[in-house]
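Those sequence lines, one after another, are chains A and B.
Each residue of the first sequence is one higher than the one before, counting from 0 in numbering that gives the first Met the number 0.
Each residue of the second sequence is one higher than the one before, counting from 0 in numbering that gives the first Met the number 0.
These are computed hints drawn from the structure, not numbers from a lab.
Every residue, glycine too, gets a C-beta built ideally from N, C-alpha and C.
It cannot be assumed that every hint is accurate.
Here are the simulated distance ranges between beta carbons [as the list claims (entries may be wrong)]:
id, chain 1, residue 1, chain 2, residue 2, range
1, A, Gly-114, B, Leu-313, 53 to 61 Å
2, A, His-152, B, Thr-444, 39 to 47 Å
3, B, Asn-355, A, Gln-136, 36 to 44 Å
4, A, Gln-136, B, Gly-568, 41 to 49 Å
5, B, His-340, A, Arg-115, 24 to 32 Å
6, B, Gly-568, A, His-152, 44 to 52 Å
7, A, His-152, B, Gln-371, 47 to 55 Å
8, B, Thr-375, A, Gly-47, 32 to 40 Å
9, A, Gly-47, B, Asp-307, 51 to 59 Å
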Amino acid sequence: MIQYSTFYLGDRCFGLPILSVREIIRSCEITPVPLAPRHVRGLINLRGQIVTILDLAVRLGIQDRQDALESHVVVLAGGEPSAQGGPGAGDKGAQDAMAGFLVDGIGDVVEADEGRAKPAPANVSEAEGKLLSGVIQTDFGLLALLDLQGVLHGH
Amino acid sequence: MGSLADDNLISEFVTESREHLGSIEPDLLAMEQEGKKTSQEVINRVFRAIHSIKGGAGFFAFEAVKSLSHIMESVLMQVRDRTLEVTPDLMDPLFAGLDRLRAMVDDIGASDGVSFQGEADRLKALLAGSGAAVGGQVKAHAQGQPQARQFALDADAVRSILKRGMTLYHAKAYLHRDVDAHWDSPLAFLNNALSVGQCLDAFLDLSAIGNLNDCLEQDLCVTVLIASVLELDLLAHAFKLPESQIEPMDMKALKGSLAPIEPLAPAGPEPGTTPTGQTVLPAPGDERAEANAGEGAHGKVAREAGADTLRVRLELLTKLMNLAGELVLGRNQLLRTMGPHAQDFPGLADILQNINQVTTELQEAVMQTRMQPIGTLFGRFPRIVRDMSKQLGKLIEVEVRGAEVELDKSIVELLSDPLTHIIRNCADHAIETPEERKRAGKNPTGRIVLNAYHEGGQVNIAVEDDGRGIDPGKVARKAIEKGVITAAQAEALSDRERVNLVFAPGFSMAEQVSDISGRGVGMDVVRTNVEKLGGTVNLDTQVGMGTTVQLRLPLTLAILPSMIVGLQGQRFAIPQVDVVELVWVRAEEVKTRVERVQGAEVLRLRDKLLPLVRLADVLEIGRGFTQGESGDLLPDRRETLVDRRSPAGAPSKPGVEERERADRRQSWRSDYHVVVLQLGSNLFGIIVDELHDFEEIVVKPVSRYLEGLSCFSGTTILGDGRVILILDSAGLAAQAKLQFSDLRTEERIRQEEEQRRLALKASHRHSVILFESGHGERFAVAQDKVLRLERIRASSIERMGDREYIEYRGDSLPLIRLDRHMAVSPLGAEADEFYLVIPYAEAALGGSPGGILISNIIDALDVEVELKPVEIQGPGLLGSAVLQGRMTLFLDPNVVAQAATGGKQP
Chain A
0 MIQYSTFYLG DRCFGLPILS VREIIRSCEI TPVPLAPRHV RGLINLRGQI VTILDLAVRL
60 GIQDRQDALE SHVVVLAGGE PSAQGGPGAG DKGAQDAMAG FLVDGIGDVV EADEGRAKPA
120 PANVSEAEGK LLSGVIQTDF GLLALLDLQG VLHGH
Chain B
0 MGSLADDNLI SEFVTESREH LGSIEPDLLA MEQEGKKTSQ EVINRVFRAI HSIKGGAGFF
60 AFEAVKSLSH IMESVLMQVR DRTLEVTPDL MDPLFAGLDR LRAMVDDIGA SDGVSFQGEA
120 DRLKALLAGS GAAVGGQVKA HAQGQPQARQ FALDADAVRS ILKRGMTLYH AKAYLHRDVD
180 AHWDSPLAFL NNALSVGQCL DAFLDLSAIG NLNDCLEQDL CVTVLIASVL ELDLLAHAFK
240 LPESQIEPMD MKALKGSLAP IEPLAPAGPE PGTTPTGQTV LPAPGDERAE ANAGEGAHGK
300 VAREAGADTL RVRLELLTKL MNLAGELVLG RNQLLRTMGP HAQDFPGLAD ILQNINQVTT
360 ELQEAVMQTR MQPIGTLFGR FPRIVRDMSK QLGKLIEVEV RGAEVELDKS IVELLSDPLT
420 HIIRNCADHA IETPEERKRA GKNPTGRIVL NAYHEGGQVN IAVEDDGRGI DPGKVARKAI
480 EKGVITAAQA EALSDRERVN LVFAPGFSMA EQVSDISGRG VGMDVVRTNV EKLGGTVNLD
540 TQVGMGTTVQ LRLPLTLAIL PSMIVGLQGQ RFAIPQVDVV ELVWVRAEEV KTRVERVQGA
600 EVLRLRDKLL PLVRLADVLE IGRGFTQGES GDLLPDRRET LVDRRSPAGA PSKPGVEERE
660 RADRRQSWRS DYHVVVLQLG SNLFGIIVDE LHDFEEIVVK PVSRYLEGLS CFSGTTILGD
720 GRVILILDSA GLAAQAKLQF SDLRTEERIR QEEEQRRLAL KASHRHSVIL FESGHGERFA
780 VAQDKVLRLE RIRASSIERM GDREYIEYRG DSLPLIRLDR HMAVSPLGAE ADEFYLVIPY
840 AEAALGGSPG GILISNIIDA LDVEVELKPV EIQGPGLLGS AVLQGRMTLF LDPNVVAQAA
900 TGGKQP
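Turn these sequences into a full structure, and let the hints guide you.
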């Protein structure tokens, strides 16, 4: 049994193991990055660190979604060691590239047994299905567990 | 082995060994230069350095390093003791040994597996030549040792010690009790030991643990066999060991045991006897020199122990630098926020000022910690050039200047490859063979000068050679051959541009790919690497005379002075080093200054044509303009910059539209702000909406989720907390698919046009003769209409009726006074000298029609004037103009003369 941090995209509920979440903040000013892939919403300044904000809905292929009035950002823990930005980018090659997801609402912390996770149901889109590691029935409804590595780095 | 095998200690050993190896190389080079005249000091230095490496290697049981350094040490010992002379043959094996040692130290863990047989054999051959054998062993035992331990000592070393009157001591140091208690590390202890004498062996004495006491203490013991001129008590003091732990060995016994064991040693137990049978007594000077050297070294250690340097991990310094950068940003934010309110709180202004000051100084100081003198880089090159010149059969001398110029450590490291490539190129291609040089009248020894200096806020590094220079023709041909450009394109290039072709990817001047300068890796990689550091590379060359390669670099990486620009409400940073100038094209000027060449928009800037790109297009952000009065940002539907008349599908009502359009044209907000960027030797302009400040920003790398976006070279946080992207000019140019070659052609065409036009204009210049008539009135006549100028005396004027004549070349020449034919002043009657302007007349008219009387000739000039019509009437008056600040009447003298004489000849 591990604890999951849950959040909503529309009325769909998703979860991530709580240890992979660094913090959750209200959405703030996001600097868009021209020419970036569609799922990259932009960059924010989190107390002096630059965090790349990914649009989870785009990543999951969820269509017809408007940004909620009050969005939140789920900032992920750790982050991978970034590729060298080149020496001209300053000697911070070892700085972690921090990332976060833009979500609509935040749910409670839920305890669930990942062993009891079932594969995603058939009515989930193929793209989305690939990025989920399973679904769990909880007291609060169906919780879709995200495959974090796949979401961040897969295609 | 307990604490001896500690990784930290080993890496300390590696670092120190590297330093020793680094110091040996220039000394070996000096030895090679000076040969027999090499000073004892240099030889001693090399010897001590190798000795230290050997000692440390023994300590950590790196057998291969120990063995190889031992052999080198033996050779050097012979040199030091004057039994071997410094000859060229001596140096190559030493260099080879040095290189092998370096390789071993670089991968110390694997060093035991490295073969050094070749180098060892060569070195041994040197020793064999001098009659001494390496590896001869002498047995000795320490007096008073309960276990009567036997050691195997090197015969040459023993001989050397005896010659210099040293005593061999057996010293025991307990790791915990003695070493840790008094020294920073075992290595420090060992180094100290090496500085007070010669260490013959050092090892962990496992046999000593047989003692019950030691077992209980669990303290390991290190034994050092050290030869020194110092007395026991002094030695104990130097080692910080109790005297009871140091035993002098039996020197007489040692002497005795030398003779029988040495196979090649001369018969006879005399110490210091050379194979030739001569007894070489240690020269008193030598002994003293060695003793002095020993003490000198001791003194040096003493100084070093108190020296003000500290080894710090690079990681820590980098962290410090990042933190300092963040602090700078925080300070900026603080000042921005609190600045306006400083007066509201008593004492706040002072506090803010203080924080400001301290932060600035802190940042500067931290930056300093990472500065390294470029000499560390330059230091490698003399050796590289020496090796190459031997290999290529050339004579090359290297001079290094400005080695103390400091750069950020990471820049120094990243410069290593490009500089090495440049130097190799120099030695390989630029410097000619001695014969070629002699033929060309040059000194057969070529010269390479490495020069580092500060200029214009940047660091300059110049590599200058006096070789054969770069031939633009050859380069162009090579480039065509390699398919870098076509013959037609090559035609259009200037010499300077042809020389710069060496920077093109895929170019290499090597006829065969020589091992020496690499597989045509080329100057394009050099340039790319230098540009990545925010620097530039330039070539200056003269055929037959030499070449200078010049690198310019920013002083530091992490903080970048940048220009902040605004586009569609977003902000971007452009590194100042990329910005050449800012151009403000006013709304009215746009039509005239912006043109289209080959379908792309260009700006005419003085004599250059700059390709223009709209940043909004490159970044695919919606194009917009600011509405004149309201200041609203509206989408821009114009297709081209100059198309201001038909915004397709404009909103709003017809009447309003008209007014809006007019307003827009005039409003200052429709001006275009162009930032001119440089990319190598090309320039281009990007159009932005607004220009903001210059700010110093801390560069952070581009997030890995944004990899592959070539337009951005990093990200940063502005003083107000906003995240913005840093633009990369190369990336922008690539994204905009800019073509520079077409523009070059266009520029050339225009230049030629201009030249033709000027030539044409030149032909409208008049050459005139300027003269004075009555009352200083001025006249000018075209020079080619004048046959002669003559000076006459008033007395020679003859009169007939109301006409005047003068005898001229056997004929009578009628004289003409201007005031008789036009409304000008008469000539002064008192003058007794006049000048004549005799017009050139067509031969058909037969001789000159006459001579015009004038009072003075002023000058002959080339003028370019536009003649204005004159009010007075008269024949031959062409017009007037202002010459030399005076109103001047232009005459056609022929017409005047014709009119005056009525065309009739007397």
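Starting from the range 24 to 32 Å, see whether the pair His-340/B and Arg-115/A falls in it by beta-carbon distance. 58 Å, violated
Please test the hint of 36 to 44 Å on the beta carbon pair from Asn-355/B and Gln-136/A. This hint is violated: roughly 59 Å between Cβ atoms.
44 to 52 Å as the expected CB spacing between His-152/A and Gly-568/B, which holds or is violated: 32 Å, violated
Range first: 32 to 40 Å. Now tell me if the beta carbons of Thr-375/B and Gly-47/A are that far apart. Since Thr-375/B and Gly-47/A have Cβ atoms about 33 Å apart, the given range 32 to 40 Å holds.
A range of 53 to 61 Å was offered for this pair. Does it hold for the Cβ distance of Gly-114/A and Leu-313/B? 46 Å, violated
State, for the Cβ atoms of Gly-47/A and Asp-307/B, whether the hinted interval 51 to 59 Å holds or is violated. Violated, at about 34 Å.
I want to verify a distance hint. Is the separation of the beta carbons of His-152/A and Thr-444/B within 39 to 47 Å? For His-152/A and Thr-444/B the Cβ distance comes to about 59 Å; the hint is violated.
Is 41 to 49 Å respected by the C-beta to C-beta distance linking Gln-136/A and Gly-568/B? 46 Å, holds
Go ahead and decide if the range 47 to 55 Å is satisfied by the Cβ distance of His-152/A to Gln-371/B. For Gln-371/B against His-152/A, whose Cβ atoms are near 37 Å apart, the range 47 to 55 Å is violated.
In summary, the numbered hints that this structure violates are 1, 2, 3, 5, 6, 7 and 9.
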